[in-house]
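Number of protein chains: 2
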Amino acid sequence: MTKVTTGATMSLDGYIADASHGGFEYLFQWYNNGDVETPTATPGMTMRTSAASAKHLRDLTERTGALVVGRRLFDMTHGWGGRHPMDVPVVVVTHTVPDGWERESDSFVFVTDGIEHAIDKAKAIAGSKEVGVNGGTIAAQVLEAGLLDEVHVDLVPVLLGDGIPFFAGLKITPVQLDGPTRVVEGNGVTHLAYGVRKAG
Amino acid sequence: MTKVTTGATMSLDGYIADASHGGFEYLFQWYNNGDVETPTATPGMTMRTSAASAKHLRDLTERTGALVVGRRLFDMTHGWGGRHPMDVPVVVVTHTVPDGWERESDSFVFVTDGIEHAIDKAKAIAGSKEVGVNGGTIAAQVLEAGLLDEVHVDLVPVLLGDGIPFFAGLKITPVQLDGPTRVVEGNGVTHLAYGVRKAG
Numbered sequence: 003m004t005k006v007t008t009g010a011t012m013s014l015d016g017y018i019a020d021a022s023h024g025g026f027e028y029l030f031q032w033y034n035n036g037d038v039e040t041p042t043a044t045p046g047m048t049m050r051t052s053a054a055s056a057k058h059l060r061d062l063t064e065r066t067g068a069l070v071v072g073r074r075l076f077d078m079t080h081g082w083g084g085r086h087p088m089d090v091p092v093v094v095v096t097h098t099v100p101d102g103w104e105r106e107s108d109s110f111v112f113v114t115d116g117i118e119h120a121i122d123k124a125k126a127i128a129g130s131k132e133v134g135v136n137g138g139t140i141a142a143q144v145l146e147a148g149l150l151d152e153v154h155v156d157l158v159p160v161l162l163g164d165g166i167p168f169f170a171g172l173k174i175t176p177v178q179l180d181g182p183t184r185v186v187e188g189n190g191v192t193h194l195a196y197g198v199r200k201a202g
Numbered sequence: 003m004t005k006v007t008t009g010a011t012m013s014l015d016g017y018i019a020d021a022s023h024g025g026f027e028y029l030f031q032w033y034n035n036g037d038v039e040t041p042t043a044t045p046g047m048t049m050r051t052s053a054a055s056a057k058h059l060r061d062l063t064e065r066t067g068a069l070v071v072g073r074r075l076f077d078m079t080h081g082w083g084g085r086h087p088m089d090v091p092v093v094v095v096t097h098t099v100p101d102g103w104e105r106e107s108d109s110f111v112f113v114t115d116g117i118e119h120a121i122d123k124a125k126a127i128a129g130s131k132e133v134g135v136n137g138g139t140i141a142a143q144v145l146e147a148g149l150l151d152e153v154h155v156d157l158v159p160v161l162l163g164d165g166i167p168f169f170a171g172l173k174i175t176p177v178q179l180d181g182p183t184r185v186v187e188g189n190g191v192t193h194l195a196y197g198v199r200k201a202g
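Chains as they are written, first to last, in this note's numbering: chain F, 3 to 202; chain R, 3 to 202.
These are calculated hints, taken from the structure and not from any lab test. Among the hints, erroneous ones may be present.
Chain copies aren't distinguished; within one or between two, either way the pair holds.
Here are the simulated lysine to any residue pairs, SDA-like style, with alpha carbons at most 20 Å apart [to be verified]:
#1 LYS173 with SER22
#2 LYS57 with VAL185
#3 LYS173 with GLY24
#4 LYS200 with GLY190
#5 LYS173 with TYR28
#6 LYS200 with TYR28
#7 LYS173 with ASP101
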């Protein structure tokens, strides 16, 4: 079975961005506060982290076979310049295929008939590897649909006070998770993994 | 120097209670999901946790020499029946000494001239031990006043979706913390400690 996971860097008070959709200078310090380089598929984008975080990132990349993202994240990042930094195919959940893009290529697949079909498509691409879901609103929908298996949190020691929650707009709270099934201590970040309990 | 700390059991999405001031059946499962008994000063109140959480609780109790709490928490708990479960003196920040209570006894000291004086009083009582601050609103005031040294979070794998944040109403965000300086894995809880950065 292809595992479906989601992950985010989150402030200690539960936000993946501040109320102005910023705060990344605090949240993503751990991407650049160490000595160990982790290259990405994006030219010029190299992460410099602690050894523990570098291994965490490398493991994540090796485990991940495809991503599912919302149209908003795709637009915000301008399609990551044509290829996602994790160097895997990305399934984009959208109402319409954006102008100038093929419906399906090696780097992007646009799915216009809902989140379940997007997950199915990503699973077919990922095969024995995992499907990663980003960002929070899409992750909340996947969790609500009972399709999520794991939640990964990179917990950062900053209090933002207000902002965008990881699972924004989640309608099925409270949601009890299992674990943490994994705890990795980086520098200025704690990498936590939790399992989603399945009904029946 | 007497260290001033605050701690709370918090949901993964940053809440110490749900929006109805409840949710404790989820947040405090770790108090009663293990085999190791930790007695408290409250008759009939024994915690049954994992061995790791029991050691964490025992260490906390041994380190703590006095508590500072808000009047609301004192009223909600009816003065913990006369003695706090941690068996230490409690300094209550209040506008007036409640009816039927002495201003100062071995178990409670009521301070009516502000948070700084309450912390001073608690430090004098605690001596070489630590001062613990509860709950979140008082902790936010102590943090804003530059008097807090450490933040302890018992992180629980539940998403409440909405609720009362740990540092409710904090006015000085973002607040960057150091650490975690301690990570203890319990059963269904991760005990995290962070240092507060001091100006100058």
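Each hint, compared with the structure:
1. When the C-alpha separation of LYS173 and SER22 is checked against a cutoff of 20 Å, the pair qualifies only between copies, where the shortest distance is 16 Å, while the shortest distance within a copy is 23 Å.
2. Proximity of LYS57 and VAL185 under a CA criterion of 20 Å is satisfied in both settings, with 13 Å inside one chain copy and 19 Å between copies.
3. For the identical chains of this complex, LYS173 and GLY24 are inter-copy neighbours only, at 18 Å across copies versus 25 Å inside a copy, given an alpha-carbon limit of 20 Å.
4. Proximity of LYS200 to GLY190 under the C-alpha cut-off of 20 Å is restricted to the inter-copy arrangement: shortest distance 17 Å between copies versus 32 Å within a copy.
5. Taking the shortest Cα distances, LYS173 and TYR28 sit within 20 Å of each other only across copies (17 Å), while inside one copy they are farther apart (28 Å).
6. In this homomeric assembly, LYS200 and TYR28 come within 20 Å of each other (Cα to Cα) only across copies, at 17 Å, whereas the closest approach inside a single copy is 34 Å.
7. For a Cα distance limit of 20 Å, the shortest separation of LYS173 from ASP101 qualifies neither inside one copy, at 32 Å, nor across copies, at 44 Å.
When the structure is compared with the earlier hints, a violation turns up for hint 7 alone.
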